[in-house]
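In numbering that gives the first Met the number 0, the protein residues as written are 0 to 117.
Hints are supplied without guarantee of correctness; some may be wrong.
Here are the computed distance ranges between Cβ atoms for each label pair [said to hold, decoys possible]:
#1 Gly86 x Gln43: 35 to 43 Å
#2 Ala35 x Ser107: 27 to 35 Å
#3 Gly86 x Ala39: 37 to 45 Å
#4 Asp84 x Ser36: 34 to 42 Å
#5 Glu109 x Thr83: 17 to 25 Å
#6 Thr83 x Val51: 31 to 39 Å
#7 Asn57 x Ile32: 39 to 47 Å
#8 Leu59 x Asp84: 17 to 25 Å
#9 Gly86 x Asn57: 40 to 48 Å
#10 Val24 x Leu114: 16 to 24 Å
#11 Thr54 x Tyr29: 17 to 25 Å
#12 Thr61 x Ser107: 21 to 29 Å
Below, computed lysine-lysine pairings styled on DSS-like, alpha-carbon distance capped at 27 Å [stated by the list, open to error]:
#13 Lys115 x Lys15
#14 Lys34 x Lys15
#15 Lys115 x Lys34
Hints listed in this document are in silico derivations from the structure and should not be mistaken for laboratory results. In this text the structure is predicted, and so the values were computed from the model without any measurement. From the three backbone atoms N, C-alpha and C, an ideal C-beta is built for every residue, glycine too.
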Amino acid sequence: MSGAADRYLYAVQILKERYLCVRSVDLAHYLGITKASVSAFLRQMRDQGLIVAETDGNLLLTDAGRQRARLLGERIEFFRQLLTDAGVQPDLALRDAISFSWKMSDASFEAFRALKTE
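Start from the sequences, fold in the hints, and give me the full structure.
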């Protein structure tokens with residue numbers, strides 16, 4: 000997974016759950032970055048087949064984008080629960096879980112998951 004792409008996909012997914020319509024300006028505000036930065040990255044994501052924009056600017060995840068966002072959500076929940084079980088405060092556990100999930104390789108995540116199931 001690419002950390003930057005995953006960050007955008009996850010943000011679109013979260014915003015879609017909160018609101019029916021998500022535009023690039025909403026994404027920029029949520030991520031705390033400029034609209035120009037979002038627009039440039041969204042072009043790349045469209046080229047990769049992860050996202051589409053409707054004529055009114057509403058952003059939609061493609062099947063591939065939804066799948067990737069779902070996998071990231073699973074990672075975040077895994078680490079959030081692990082950290083909370085270890086005694087980390089829930090808000091900090093979520094923030095750290097998001098950070099881990101964006102930066103960790105698939106191989107490392109699978110190794111962590113294997114340890115948890117043993």
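What are the numbers of the hints that this structure violates, sorted from low to high? Structure breaks hints 7, 8, 10, 13 and 15.
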